[in-house]
Amino acid sequence: AQSVTQPDIHITVSEGASLELRCNYSYGATPYLFWYVQSPGQGLQLLLKYFSGDTLVQGIKGFEAEFKRSQSSFNLRKPSVHWSDAAEYFCAVGGAQKLVFGQGTRLTINP
Amino acid sequence: ETGVTQTPRHLVMGMTNKKSLKCEQHLGHNAMYWYKQSAKKPLELMFVYNFKEQTENNSVPSRFSPECPNSSHLFLHLHTLQPEDSALYLCASSQEGGEETQYFGPGTRLLVL
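Protein sequence lines correspond, in order, to chains A and B. Residue numbers for the first sequence follow my numbering, beginning at 340 and rising by one. Residue numbers for the second sequence follow my numbering, beginning at 14 and rising by one.
Isolated chain A, as found in the complex (with noise of 0.2 angstroms):
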């Protein structure tokens, strides 16, 4: 069966510093991985996703990943994050049809 698993409930960081966010995945094929954030009151948008190809992704906002398949990881990186960066993150594995969500990493950061 499928499932997601994001270690950290919750991350705080100072702001200018580097950030990664922990996904571990379990699939019975070669995945589609994404990564999504939510900030309070809003919907889910879509930072980035893995298909195939280059295991290192590029997103928006600065993000990448970077998919591992021995480790079954897709953890999310930031090298210099940004007050507004503040918001609660969403790992999910699987198709168009069938995604499975990760319990949420949600990121503070101090000023």
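It is worth saying that the hints were derived from the structure and are not from the lab.
Distance condition first, Cα-Cα at most 25 angstroms in a straight line; then the derived SDA-like pairs of lysine to any residue:
1. Lys-35(B) / Glu-66(B)
2. Lys-53(B) / Thr-344(A)
3. Lys-54(B) / Glu-427(A)
4. Lys-54(B) / Gly-433(A)
Place chain B on chain A using the hints.
Using the frame of chain A, we list chain B on its own:
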């Protein structure tokens, strides 16, 4: 702005009321979804529609009744809800057989009293 709109954005209803949530997508997609997002729980897929036909009902109680009159519009009709149905209801759309990515609306925050 993702091209998926939802109305109303907020809704308060009593357990005996009947109300409807509306979703409209302007992306030319042919698949639409309803999700429920409750506090402390992952997003739960409720319904999937492909080309106006329901293809997934994820064991959702009958007090939730979806309707998809065309590929651009999706409704969720609500009746005799329970307080535990209070949540954020998210609509999404995608292109079946094309770009396999779901795009989400802003959601309707529902409170059942």
